[in-house]
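Peer 1: Sequence:
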Amino acid sequence: MISVSSRQFKLQLFATGLLDRVDAWVAQQPREVRIAYDYSGVFVKDSPMMMAGFAAMGFNPQQIDDFFAAAAQL
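The numbering of the sequence shown is numbering that gives the first Met the number 0, which starts it at 0 and goes up by one.
Since the hints were made in silico from the structure, they are not lab data. Please note: incorrect hints may appear among the correct ones.
As the list claims (entries may be wrong) - Below, in silico cross-link-like pairs of lysine to aspartate or glutamate (DMTMM-like), each with a Cα-Cα straight-line distance of 20 Å or less:
id, residue 1, residue 2
1, 44, 65
2, 9, 64
3, 9, 31
4, 44, 64
Said to hold, decoys possible - Cβ-Cβ distance ranges computed for the label pairs, FRET-style:
id, residue 1, residue 2, range
5, 72, 29, 29 to 35 Å
6, 29, 61, 26 to 32 Å
7, 73, 20, 15 to 21 Å
8, 30, 69, 27 to 33 Å
9, 69, 35, 17 to 23 Å
From the three backbone atoms N, C-alpha and C, an ideal C-beta is built for every residue, glycine too.
Work out the full structure, taking the sequences as your base and the hints as a guide.
Peer 2: Here it is in structure tokens:
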């Protein structure tokens with residue numbers, strides 16, 4: 000299971016210029032997704048929420064791997 004902390008995940012979104020776009024996408028999702036995004040301590044790469052979010056952002060599998068690798072360094 001590949002995961003990063005919420006801090007690492009959101010800082011990586013910021014570093015890649017995606018934070019506002021992801022925040023806007025999350026705001027349009029069902030309440031359970033919004034709660035998970037706001038309050039999760041850990042973001043798991045292969046979770047359904049992550050896969051849906053990355054698909055919505057147009058990421059391919061290599062880009063997802065690269066994102067998590069970079070986030071893990073923060």
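Peer 1: Which numbered conditions among the earlier hints are violated in the structure presented, ordered from lowest to highest?
Peer 2: none
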